[in-house]
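Colleague: Given only the sequences and the hints, what does the whole structure look like? Please build it.
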Amino acid sequence: MKKILVVEDELILQELLSDTFTDQGFKVLKAADGQTGLKAALKHHPDLILLDILLPKIDGLTMLARLRDDRWGRGVPVIILTNVSNDGKLAQALQLGVYDYLLKSKIKLATLVKQVDELLNL
Amino acid sequence: MNFSNYSQFLNFFPNPVLVTDDAVKIIHANPAWEKLTGYKLKEVLGKNPSILQSGKTNRWVYRKMWQALSKNKPFFSEEITDLRKDGSEYQIFSTFFPLQNGQAKVYIQIQYDITSRKIAEKELTKYSQELSILNKQLNQALMREKEVEKSKTEFLSITAHELRTPLTAVCWSLEKLCSACSTKNWQGVEKNYAKIDQACQQMITMVDQLLQVGKLEMEAFAPRVTDIDIEKLIKSIVSGAKVQIENKRIKFRAKIDHNIPPVRADVDSLRVVIDNLLSNALKFTPTGGKVSLSVSKNKQFDYLIIKVSDTGLGIPKNSQNKIFQRFFRAANIKPKIEGSGLGLYITKLMVGKLGGEISFQSPAGKNGRKGTEFMVSLPL
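If you're matching them up, the sequences are chains A and B in order. Residues 1 to 122 in the numbering used here are what the first sequence lists, from first letter to last. Residues 1 to 380 in the numbering used here are what the second sequence lists, from first letter to last.
In case anyone wonders, no lab produced these hints; they're calculated from the structure. Here a beta-carbon is modelled for each residue, glycine too, at the ideal position from N, C-alpha and C. Any given hint might turn out to be false.
The calculated lysine-lysine pairs, modelled on DSS-like cross-linking and capped at a C-alpha distance of 27 Å, are [said to hold, decoys possible]:
1. K334(B) with K3(A)
2. K57(A) with K370(B)
3. K89(A) with K184(B)
4. K57(A) with K317(B)
5. K184(B) with K57(A)
6. K106(A) with K152(B)
7. K30(A) with K283(B)
8. K191(B) with K106(A)
9. K30(A) with K334(B)
10. K184(B) with K27(A)
11. K114(A) with K370(B)
12. K108(A) with K191(B)
13. K248(B) with K27(A)
14. K152(B) with K89(A)
15. K334(B) with K89(A)
16. K150(B) with K30(A)
17. K184(B) with K108(A)
18. K3(A) with K191(B)
19. K43(A) with K334(B)
20. K248(B) with K30(A)
21. K57(A) with K152(B)
Computed footprint of chain B on chain A, listed as stretches where at least three residues anywhere in the stretch have a Cβ under 8 Å from a Cβ of chain B [to be verified]:
22. 6-16
23. 105-111
Modeller: Shown next, in the form of structure tokens:
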């Protein structure tokens with residue numbers, strides 16, 4: 001069973017994402033801030049991380065940068081899922097090698113599921 | 001040519017001219033000089049020109065002048081300030097010539113009146129100083145304007161972001177609701193309906209608060225003052241919070257003094273103030289905790305004192321000076337506790353409009369270990 005880590009501080013969205021991917025047969029791990037997210041990632045080595053940017057404690061991009069310092073974390077696919085549409089953040093995310101940068105309010109769950117399936121070669 | 005010829009010539013000379021003898025006594029002055037100084041020639045004949053000195057001329061000007069003249073050399077002066085007959089000052093440049101008049105030596109002083117130029121210079125300096133002050137003020141105003149503009153933009157972007165979250169929740173839940181419907185998964189329908197409802201409530205609260213902020217900040221706020229029965233108002237606020245009190249099994253106590261006269265204030269604002277404080281207390285107090293609300297009258301001064309205390313999280317020391325700021329949420333608030341960061345900002349603005357004051361103590365309570373107590377005082 002493939003593992004997805006959802007790092008999202010808005011609980012209502014976290015739950016929606018978690019329900020969606022659980023229904024799709026994934027094991028979903030959840031974190032509500034960057035610090036917990038980083039710890040969970042390094043401990044459980046998920047196959048994919050869905051990462052928000054505005055997060056308590058450590059923001060998403062800082063968490064990602066630290067993750068890229070890790071030997072395993074260097075290669076893990078990450079999809080940024082945020083409502084921050086900002087060229088600077090986008091450039092920073094691309095530089096950190098994200099698979100995609102998606103705006104929450106613009107993406108349908110079905111599209112997201114399809115993209116994740118493709119990414120994980122299912 | 002004897003001196004009387006010179007003097008006739010000097011009388012037609014357009015510049016003021018003063019002539020002294022070897023003993024530095026005035027022997028002639030032309031009409032232009034008379035016009036400049038206000039003296040008549042006969043008044044100054046035989047007098048030393050020092051009667052004209054203002055004391056404002058640099059001493060070395062005279063020293064250099066005498067050095068030059070004693071060597072029979074002409075002297076071109078720097079600026080000299082002299083006094084007219086009426087005591088007013090005038091400024092001149094002078095050219096001094098030593099002249100041999102037969103046996104006697106005379107000194108001719110041709111003057112250039114620079115008074116109006118000096119006044120113009122002074123005015124110019126004054127205007128330029130004023131201009132630089134104005135310029136400074138303008139720059140400061142521009143800076144302020146920029147800050148206001150920046151805070152407006154920030155406000156807008158935070159607001160947009162805060163509204164996008166529940167909107168996203170609605171969109172996603174609707175998507176799931178649709179698929180739950182098509183598979184006749186009624187449990188899923190119910191679950192997602194509840195999420196949509198929750199997100200909508202969140203947005204309604206947010207929009208209400210934004211409108212309140214808009215009104216309060218734009219000074220478009222016009223309080224409608226009426227006589228308020230405070231006991232009735234509190235009862236209606238508490239009944240609105242009943243579900244929350246029961247769900248969290250909170251031990252709630254309201255204590256209202258009976259001798260309080262009707263409060264003259266804007267009832268909507270007062271309701272928002274008390275409602276915000278009470279709902280915050282309930283929100284941040286864990287299940288089974290205590291919340292109390294008391295209303296009393298300060299006997300010494302005509303003040304209404306409203307206190308709301310809880311046994312909740314408390315406000316961390318490093319957040320205490322910021323809790324009334326727009327969009328601020330204290331560091332110890334867990335993400336699952338919803339909030340916009342606008343409630344206390346609105347409350348503080350409203351208390352201000354009501355002419356009162358708000359303060360808090362945290363940690364509060366008898367042993368001062370946890371919880372928070374807010375106190376609002378309003379003029380009666």
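Colleague: Honestly, which of those hints from before does the structure not fit?
Modeller: Numbers 3, 5, 11, 13 and 16, in rising order.
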